[in-house]
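> Can you build the whole structure from these sequences, using the hints too?
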Amino acid sequence: MALTRRKFINLLTVGSTACLTLLTPLTSFAAWASDAFNATKIEDAYQNLFGSTELIESDAVVLKVPKIAENGGAVPVSVKTDMKNVESISVFVKDNPQPLTASFTLPKGTIADVSTRIKLAQTSTVTAVVKADGKLYSKSQEVKVTIGGCGG
Amino acid sequence: MNRREFNRLLTAGAVAGILPSTNIAFAHTGPNYDIPQKGNARLLHITDCHAQLMPIYFREPNVNMGLNEAFGRTPHVVGEAFLKKNALSPHSMEAHAFTYLNFNAAAREYGKVGGFAHLNTLVKSLRETAGGKDNCLLLDGGDTWQGSATAYWTRGKDMVQAANLLGVDVMTGHWEFTYQDDEVLSNVDEFDGEFLAQNIKLTEDALFEGKHAHDEDTGHVFKPYTLRELNGHKVAIIGQAFPYTPVANPQRFIPDWTFGIRNQDLQELVDNIKENDKPDAIILLSHNGMDVDLKLASVVTGIDFILGGHTHDGVPIPVTIKNSGGQTVVTNAGSNGKFVGVLDLQLEKGKVKGYDYRLLPVFSNFIKADPEMAALIDTIRKPHIETLNEPLATTESLLYRRGNFNGTFDQLICDALRHELNAEISLSPGFRWGTTVLPGQAITFEHVMDQTCITYPETYARDMLGSEIKAILEDVADNLFHPDPFYQQGGDMVRVGGMNYICDPIAAAGNRITQMTLDSGKSIDANKTYKVAGWATVGSKAPGKPIWDVVASYLRNQKHVNITQVNSPKLLNVNNNPGIVL
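Protein chains in written order, with numbering that gives the first Met the number 0: chain A, 0 to 151; chain B, 0 to 581.
Check before you lean on any hint, since a few could be wrong.
[Stated by the list, open to error] Partial selection, computed: residues in chain B whose CB lies under 8 Å from chain A: (1) 100; (2) 228; (3) 243; (4) 263; (5) 471.
[To be verified] Dumping the calculated DSSO-like pairs for lysine-lysine here, alpha-carbon to alpha-carbon at most 27 Å: (6) A:118 / B:273; (7) B:123 / B:367; (8) B:469 / A:66; (9) A:66 / A:107; (10) B:273 / A:63; (11) B:37 / A:63; (12) B:540 / B:210; (13) B:37 / B:233; (14) B:84 / B:123; (15) B:277 / B:350; (16) A:79 / B:352; (17) B:381 / B:544; (18) A:79 / A:93; (19) B:469 / A:93; (20) A:66 / B:210; (21) A:63 / B:123; (22) A:66 / A:118; (23) B:544 / A:118; (24) A:107 / A:79; (25) B:37 / B:123; (26) B:540 / A:66; (27) B:222 / B:233; (28) B:222 / A:79; (29) B:321 / B:84; (30) B:210 / A:63; (31) B:321 / B:132; (32) B:321 / B:348; (33) A:66 / B:321; (34) A:66 / B:222; (35) A:118 / B:210; (36) B:156 / B:381; (37) A:79 / A:63.
Just so you know, these hints were derived from the structure itself, not from any lab.
Using N, Cα and C, we set each Cβ at its ideal position, and we do this for glycine too.
This is the structure we're talking about:
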């Protein structure tokens, strides 16, 4: 029997109690990064999270996010890169009340490919930042939140 | 049917007095539908027929502005500028097919366009000239199951039958997805061809719940591409559905599906196809719209042709876009069954050696109706024929929609909304479909349905702040005039009734709309409320009657229509734009 992705995920859910312990470190991380997550300006969020605001724009950061959001409340975003020694991947929404939306710390040797859903208060630039070899690489894209209608 | 036979038909018509005399000396040579095949394979392309089974009139726009990079670029030229850019003779049949020029007189001269029975004859003949089905494919870019009363009443099934008889091999979609998702899947099942879309995926939740998918691993709801053999050559065809369906149309009908241009996914797919399938040509059957396709051709490499639709642009000369991988040729094949694109290919091992493209206007009076298709259409229409043919009123004005701002039929709808729902202001969506009614014709219930029949037709009348009205106009203006085509949704500006405004299309988002006033001249106050009537709400179902009942009721009372005032905005910064003639 071929194991499809869905069946595999369903199997995972059955075993989810076992995963609870894995979630604990995230809580402590959030406490550690609270200055970055609570920052209301994107530059402050960069500074508080990375200790630097110097970003190098790079096509090696592959950011996939819709150009026009189907639902501003849950916009799928994925970030991946082939860069070596990736330490973290973070997602910022410039015009959100608190721009830092997600930050993933990648243990050494992890494939740098993350995805999540983010909330957009309004049309904004979304920026993904990859920290690799101590440097910050970024890729940005505008995501439009629209009233909709009238197409076609 | 050859050219001689067409000419004979034309002469017969002239003798019978079908062709009225006009002040304009129209060309009296019939269209040439005898197109010998060049090369070794033929692709036929139709798109955006909007379920028009019968021949109709359709007026092309006099306002189709291109801004920034798109200024004066195909397809953003109208009228004389269009003729000049495409080397078409004035007063010719082509001039009538592709432009609004002398529309009334030319429409009387040359008659209706499209119609599936006529289309079927033409497609059969073009397929035969290419050596039959082994050498020829018929591709349909979508917007096929919506746009007519019978399509609405049969939930698109009449069009599935017609497309099957026409022999559509491959299609993609947009308005197809305005039926409920299980209806869409049922129609796709009944469709004899392949329904393709690389850019529709199941949402993660739906994937988890085990909803129908073409491929659970990739999440594709439909097959993304197909490989077909044409005259011994392998051709890959990728489907690209309208990327913004859940934004421009209600998401509630298709809650499990997520769209997007997905140009990165497309590039990965093209690269995989090249490496694994090694086709001789890669074709994108697209419902992106012309401007999106032109940009897509510049950022995605490896596609030979993008056969496009959505923006309803009749483009006689394709646009070649150079990119880092070579070049991509982009077409757009108009709407409402008016045109058939004929792409002849010279295929060699692993490449396209040459091509020849024509966009043939379908002049119904010059093509014999296919009896089998005519019989099917008759069967479809028969149960509804009295309703369809009901004359509601007569018109003194030419009634049309297509154009960036209010057409006369839009104005009629806006007037009906204000009158019937007792509102100061009305709003009506800027769709690009909807057939044309000539002065002197009766406006039938079918005409009203042609302009209005969607699966979310309910009307509303509610109080809105002046600032809310401005926000709506700004939002739609940005969908139309955003400098980056990837942020445009196609469609035209929302139509308004009872109010006027100034529009600066090149201003920044949120600053394009100024000086909103009521018809009385009184300015619209951001903080005051106004009673606004409208229809086609995307977010949730509106409470009122369907729009066609509102318009039909208005017309029955009016008995006669003469549109003297159109609420089109005053435009700024459009001087010398060849996409506008006012």
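> Against this structure, judge whether each hint is valid.
To see whether the hints hold, each was checked on the structure:
1. 100: Violated - the Cβ of residue 100 (chain B) stays beyond 8 Å from chain A, reaching only about 25 Å at its closest.
2. 228: Violated, because the Cβ-Cβ distance from residue 228 (chain B) to chain A comes to roughly 29 Å (cut-off 8 Å).
3. 243: Nearest chain A Cβ about 6 Å off; hint holds.
4. 263: Since the shortest Cβ distance to chain A is 6 Å, the answer is holds.
5. 471: The hint holds - residue 471 (chain B) has a Cβ within 8 Å of chain A, the shortest such distance being about 6 Å.
6. A:118 / B:273: Violated, at roughly 37 Å.
7. B:123 / B:367: 12 Å, holds
8. B:469 / A:66: 23 Å, holds
9. A:66 / A:107: 32 Å, violated
10. B:273 / A:63: 23 Å, holds
11. B:37 / A:63: Answer violated: residue 37 (chain B) to residue 63 (chain A) is near 42 Å, above 27 Å.
12. B:540 / B:210: Distance ~25 Å between residue 540 (chain B) and residue 210 (chain B) Cα, so the pair holds.
13. B:37 / B:233: Judged against 27 Å, a Cα distance of about 18 Å means the pair holds.
14. B:84 / B:123: Given pair residue 84 (chain B), residue 123 (chain B) is violated - Cα atoms ~31 Å apart, limit 27 Å.
15. B:277 / B:350: With Cα atoms ~10 Å apart, residue 277 (chain B) and residue 350 (chain B) stay inside 27 Å; holds.
16. A:79 / B:352: With Cα atoms ~38 Å apart, residue 79 (chain A) and residue 352 (chain B) exceed 27 Å; violated.
17. B:381 / B:544: Given pair residue 381 (chain B), residue 544 (chain B) holds - Cα atoms ~26 Å apart, limit 27 Å.
18. A:79 / A:93: Holds, at roughly 20 Å.
19. B:469 / A:93: Holds - the C-alpha atoms of residue 93 (chain A) and residue 469 (chain B) are around 25 Å apart, at most 27 Å.
20. A:66 / B:210: 26 Å, holds
21. A:63 / B:123: 43 Å, violated
22. A:66 / A:118: OK: residue 66 (chain A) and residue 118 (chain A) at ~14 Å, within 27 Å.
23. B:544 / A:118: Cα-Cα ~35 Å, so violated.
24. A:107 / A:79: Given pair residue 107 (chain A), residue 79 (chain A) holds - Cα atoms ~15 Å apart, limit 27 Å.
25. B:37 / B:123: With Cα atoms ~17 Å apart, residue 37 (chain B) and residue 123 (chain B) stay inside 27 Å; holds.
26. B:540 / A:66: 26 Å, holds
27. B:222 / B:233: The given pair, whose Cα atoms are some 18 Å apart, holds under the 27 Å limit.
28. B:222 / A:79: 25 Å, holds
29. B:321 / B:84: With a Cα-Cα distance of about 20 Å, the restraint between residue 321 (chain B) and residue 84 (chain B) holds, given a limit of 27 Å.
30. B:210 / A:63: 24 Å, holds
31. B:321 / B:132: With Cα atoms ~32 Å apart, residue 321 (chain B) and residue 132 (chain B) exceed 27 Å; violated.
32. B:321 / B:348: 22 Å, holds
33. A:66 / B:321: 24 Å, holds
34. A:66 / B:222: The given pair, whose Cα atoms are some 23 Å apart, holds under the 27 Å limit.
35. A:118 / B:210: The given pair, whose Cα atoms are some 25 Å apart, holds under the 27 Å limit.
36. B:156 / B:381: 15 Å, holds
37. A:79 / A:63: 9 Å, holds
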